[in-house]
Each structure stands twice: as structure tokens, then as C-alpha cells.
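Participant: Please build the complete structure, drawing on both the sequences and the hints.
One-letter residues, chain by chain:
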Amino acid sequence: MAEAMKQTVATMLKGIERYNPDNLPTLERYVEIQSRENAYDLEANLAVLKLYQFNPHRFNTNIVCQILLKALTNLPHTDFMLCKCLLYEKQLSIEPIDQIVYLADILEQCNFQAFWTRVLTDQDLTQSITGFVDSIRKFVCHVVGITYQTIDQHHLAQLLGDIDDSTLKIWIKKYGWKEIENNLVFIANQDENIKTKNINEKIDFDSVGAIMASCR
Amino acid sequence: MSKGYDDYDQSDDYEYEESGSKLREQVKNFLIYFRNSVNDGLIFELQALYEHTWPKLTEEYFDKRPWPDPDEVAAVVGNDYVFMILYKELYFRHIYARLPGGPTSEQRFQSFYNYCNLFNYILNAEEPVPMELPDVWLWELIDEFVYQFQSFAQYRARLQKKTPQELQNLNANNKVWNILCVLNVLHSLVDKSNIKQQLEVYASGGDPDSVAGEYGKHSLYKMFGYFSLIGLLRLHSLMGDYYQAIKVLENIEVHKKSQYAHIPACQISTSYYVGFAYMMMRRYSDAIRTFSSILLYVQRTKQLFASKTYQHDQINKQAEQMYHLLAICLVLHPQCIDESIQQALREQMFHEKMYKMQCGDLKEFENCFVFACPKFLSPYPPAVDSQPNDYSKDAIKHQTAMFMSEVRQQKMLPTIRSYLKLYTTLPLSKLANFMSQNSRKEGENQRDLSKEIQALTIHLLCFKHKMKNMVWSKGASGLEGKFQSGSELDFYIDNDMIHIADTKVAHRYGDFFIRKILKFEDLNRKLHQIKL
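Residue numbers (my numbering), protein chains in the order written: chain G, 1 to 216; chain A, 1001 to 1532.
Keep in mind the hints are simulated off the structure, nothing from the lab.
Please note that the accuracy of each hint is not assured.
SDA-like, lysine to any residue: derived pairs with alpha carbons at most 20 angstroms apart [as the list claims (entries may be wrong)]: (1) Lys1468/A <-> Met81/G; (2) Lys178/G <-> Asn1495/A; (3) Lys1175/A <-> Met81/G; (4) Lys14/G <-> Leu1180/A; (5) Lys1028/A <-> Leu1057/A; (6) Lys1504/A <-> Met81/G; (7) Lys1468/A <-> Glu192/G.
Facilitator: Now the structure itself:
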């Protein structure tokens, strides 16, 4: 259904039509479909926030919460920042928007343990977003993937939200990581990508020829 | 070429009296000549009149007062409809720029209606209008249109100094300088000119005229279309919509020379807003590339603007803002940049600012940001029943707060970077130890190493996350890109050991010697010129 709507919505976002408040009900429904069906369309969601910016009386906290949570599922992209900049200061302190802003803040700081604790104590907040938890785990895997060559298995499970062994194995497999000795997980050979660069100046004769000729 | 304006006899301005009711003869002649040039479409002549004579006469006679009233001018130029619209545009622009106290409510309204007339004339014509104006004028016209909207939004949000009657009048005229109206004008100009299609064909090496359509073939429509895209970039940025800001420039390669990119002020303004939007999206590499490339251009072409003072001021202001933004980006995301930009940063004393920011001085970040950011606005005026306060700073406060939340998230990174720079490998425990020495208070001996390592690991993950950003390399839209870590220092963790990779730049001799050689040459030449 989200797929089917994508086209309809795309025509609503062209040119000046984007600012037509009559489109709001359709766009809001599209947000809810995205939440339900684990789909994502940043551009459409930003258009909703834009319409709220232009028509503050139409502001719908529930929809905004979904948009913000969906933005988190697209980390490491900076969608959340883009959304935040379109809201008013006062709107960010409305409950539970403020909670989501807090979640985003600890996620952006990669304080994953704190994030999971928080999410588990208030499951209602994120329940409406299908696949929310797994999306965040993907983000965790992204960060782990660029940071580690090998990581302690227990630590990895913790970062992913204290998952049990079998779930951990699934994630390890999904990313092509490998369990090795001493309870370590091999992530990737990082020293191929991350190595010291030396930038030396190379001056060839042609590039100085002209200036030398003019100095006679 | 016909006889230029400056050849006219300028001696007989005796008629001008203090009453101001009669136009000075010189001004009168100028206006008539100006009208004729507009009607005859003398594009080079118009450029000279617009860029030189108008500012010169302004300087001379209308420094802090308005140009002659449009009614008086109408009588002189025989009520020429098109010329009067153009005259009024300049007339109001001058009031905005030079009159102490700025425009009144009424003048803001009048100026808005005048823009409506202009755009209606251009957009509702059954065939392309026979008007030709220099590109620099078209650019400044669009830029001014957006500026006056911005200025009105700020003015509108300052409720504290307005009388109930003024407020009532403003509330009754909510259509004036309405955001939708402004957006509509810019979008209509874009659509009418088929500029998006033209840019797409141009980018793929084709002939833009093939898709330009009846209107878009005309320089007036084409360039209005192009400049409207830049106007939209600015407008979106002012409302904090960075995604749309970048998106609207699809098929425009900001750094590339093209047939559309020949107005320096437009190029500079474009880069300013593009770079800013990138910075807000945490695309620091893209921001740094955008700023350094345009600042290099400004450095190289500085002499060109020296004579046109009004443009010069704006360019200088925007360049200074970009140096600030560049400094911020380089603190958050250190990377190598062009030597002469580095040099300019050094000369302009950015060292101290950057040092403070590196040490985590949040106030310094905020100061630089507020100085350098666009004048953000709320698209809609405060509600009718609002308290009579000043709401004009709300938007800027909000965007600043958003940026500062990002800076706060990255607060530990410079400290970590400074330690990592000293090593090629470093055990986690050792770095945790260094880090905690900073924060541990005197006499506090109890330590929990595993907790400290845990805290450090979070910072290290954050470091990697924040330094891996989208970077554009190709594609029609500036929003595209791939994740890259472009910062000069990088690392990875192998279980409990950090492996560090730094970028080492050997000293550059070539540039240094070339500079000295040129300097020496110059000195030598001057010595030869001295006659004793």
C-alpha cells in the first residue's frame, strides 16, 4: 500500500502544490501507512512538517511523533535534524515529542545502553512503528561495523540491546561477521581502509618552467 | 552605440530648489534617458545606467533621502507603465537600503504591490514580453524580492512597538508579503521558463533551447527562472528547510562554470546558502568544499568588485560569514584545505576562535554561528491574540539551539582527537585513564576502570559515527552522496586496542617559493621605476 501511495503523493509534492493544506489528510495517512508497513519517505514527511509550519492550527502531535520516530529508523542519515529544524521550539517540548528528542540525543551520542533501557521502560512510545527496534539495531551495526576490527561478544550483545545468544548469532550472520576465539567477534579487516596518509608535495619541472622563465 | 548618458550636459541644475517639487534637471534627463534605454532594450547601456549612474546619482543627491516621488517621475516619463514599475522597484529598494529608520508599513505594502504588478506583467502576458534587462539587474531584483519578504517577516514579528491601529491594519492585510504568494511567484517564474528542464539538458551536454519553450528561450525568462531557483534556495534556508534548499538546485553544479553562473554576487550567495545547509545536515566535507571553493574565487576576483561599492559590501559581508562557518566546520571536522584559504584564516585571526571552540567553549560556537547564519524567520506572523512581544528572534534562537544540540553531542570529540593524535596505537584503558584525569576532581581517588572504559567507548563510537558523513561526488542532486570519513584523523578498535591513522602533510615549498619569487619580482620592478 505504501508503494502504491508513493506515486500519488509524489505528484502532491511538485512545485507549489506542496504547500496546499488540502493534501494534508492524504499525507498524514501516508505517514501512518509508513509506520505500519515499515516503509519510509522522508520527502513526504518533511512536506507534512512544512504544512504544519505554514498552518500551525493543523499541528498533529501524534503524526509528528511518528515522523520523528521514523526519522530515527533512518539513522545514520541526519533526517532527524532536518525534521527538528522545521518545528517550532515550543512544539519540541510537547510530551511525548520531548521524549523522542531525548531518545534521538542519546542515540546520536551512541549511548546505546541508555537508549535501550529507556525504550524498554516506555514501550508505548515506539510501539506504533513497525520494525523500530530492528532499524535501530541496524544503525548500531553500522557504527560497530565502521569502528571495530574485533569486538567482545558480550559487549556487542549489550550494544544491540542485551539480546540473547541466538538473536546475536542471527545479527552476526546477517552482517557477515565471524565468531572467533576468546569470545570475540571479527567484524572486518579495518587496517585496509583506515591507514595513515602522507601527503607530500610533488613538483614537476613543467609546472615551474613558466615562472622560472619569467625570472630571468 | 548611441550617445551615452554621461555625455549629456550636466551643468544646468539650477532649477532645483529646496521645495523639492521640481526635479533637478540632471535627474530628469537621466530618467528620460533611462526610460528610452529600457524601451529600446539597450542592454549594455542599461547595465551602465543601472550599475554606475544610478548609484552615483544616489550618492550625490539622495544619500539619506528617497528618490523623487513616483508620481512626479510618472509625469516626466509620460506615464510609461513598464518603466514606472522598474523605477518604483528601485525607488523602494533605495528606501529599504539607505533611509534611516527604513521603510514604513505603507511603503512595504506599496513595494509589495509593485512587485505583484511586475510579475503579473511578465507572467500573464500572452506572449513573451518585449523587455530586456541586464542579468545583474534581474538577479538583484529577485534577491531584493526575497530580502523584502524577509524584512517584512521580521518587522511583522516585532509586536512590541506597534500601536493597536497598526496591528489592526497589518492583520487586515495578511495577504501582503504572504509566504505562499512569494513562493508562488518564484515557482511560477521557474515553471514559465522551463529552467529545470533546461538545466537538465544542459547538464547532460545538450542544447537547453531545445526544451526552453516559447518563454524560456528569452533571456529575461530564462534568467528570472534561474535566479528564482536561487531565491528559493534562500527562502527555504530562511525557514530551516535545508532539504528543499539543496534539492531545489538539482542539475546545478555549484562549483562549475556554466552559462548561468556569471553574476558573482549570485554565485557567492548560492554557495553561502548551500554550504550552510550542508553544515546543518552534518555534511561537513561538502560544506568545507563549498566554502573553500567560493572563498578562493572571492580572493581571486576581489579587485573586480572594488569599484561597485554596494555589491562589494555585501560580498565582503557574506565572505566574512563564510570564513566563520568554515572555521566552525573545520573545528568539528578537521581536514586539509587549500593553502591560501588556510592562510586567510590565519591572517584574519581565526586562530583564537578556533582554539576556543576546540577546547569546548560553547559560547564561542554560538557567537560564530549567530554572526554567520542567515536571518531566519517564521513564515507566519504571530497569532492575532499574541502578547505584544518581540517574536522576530524566535526562529534564529530555534535554529541556533538545533545547531548547538549537535555541537553538544560532539563535545568530547576534540579532546579525544588531541590524545589520539599523539599515538599510533593506544590501549582503551590508557585513554580512559587520560580522559578521567580531566574530569576527576581533586582528592577523588576512587576509580572504576571498567566504567571509565565504558564511558570512553561510547565517545569513541560517537566519534566514528559523527565523522562518517554523506559526501557528494557525482549526481544531479546535491543531496546524493556516499558515506565517507573525510576527516584527517581516523581510527579503529581491535578488541581493547585503538589503532590510529593520521594524515601527515609534509611542508609545502612550491607555493612558498612562488609567492616569494613573485614578491621579489614585484619589488624589483618597483625599484626600477624609482627615478632619482
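Participant: Hint by hint, say whether it matches the structure.
Facilitator: Hints, one by one, checked against the model:
1. A threshold of 20 angstroms between alpha carbons decides the hint, and for Lys1468/A with Met81/G the separation of about 16 angstroms falls inside it, so the pair holds.
2. Restraint check for Lys178/G and Asn1495/A: satisfied, since their Cα atoms lie roughly 14 angstroms apart, inside the 20 angstroms limit.
3. A distance of roughly 31 angstroms separates the Cα atoms of Lys1175/A and Met81/G; the hinted pair therefore is violated under the 20 angstroms criterion.
4. Between the alpha carbons of Lys14/G and Leu1180/A the distance comes to roughly 14 angstroms, so the proposed pair stays at or under 20 angstroms and holds.
5. Simply put, Lys1028/A and Leu1057/A have alpha-carbon atoms about 11 angstroms apart, close enough for the 20 angstroms limit, and the pair holds.
6. Under the criterion of a C-alpha separation no larger than 20 angstroms, the hint pairing Lys1504/A with Met81/G is inconsistent with the structure, at around 33 angstroms.
7. Taking the CA atoms of Lys1468/A and Glu192/G, the gap is about 17 angstroms. The hint holds against a cut of 20 angstroms.
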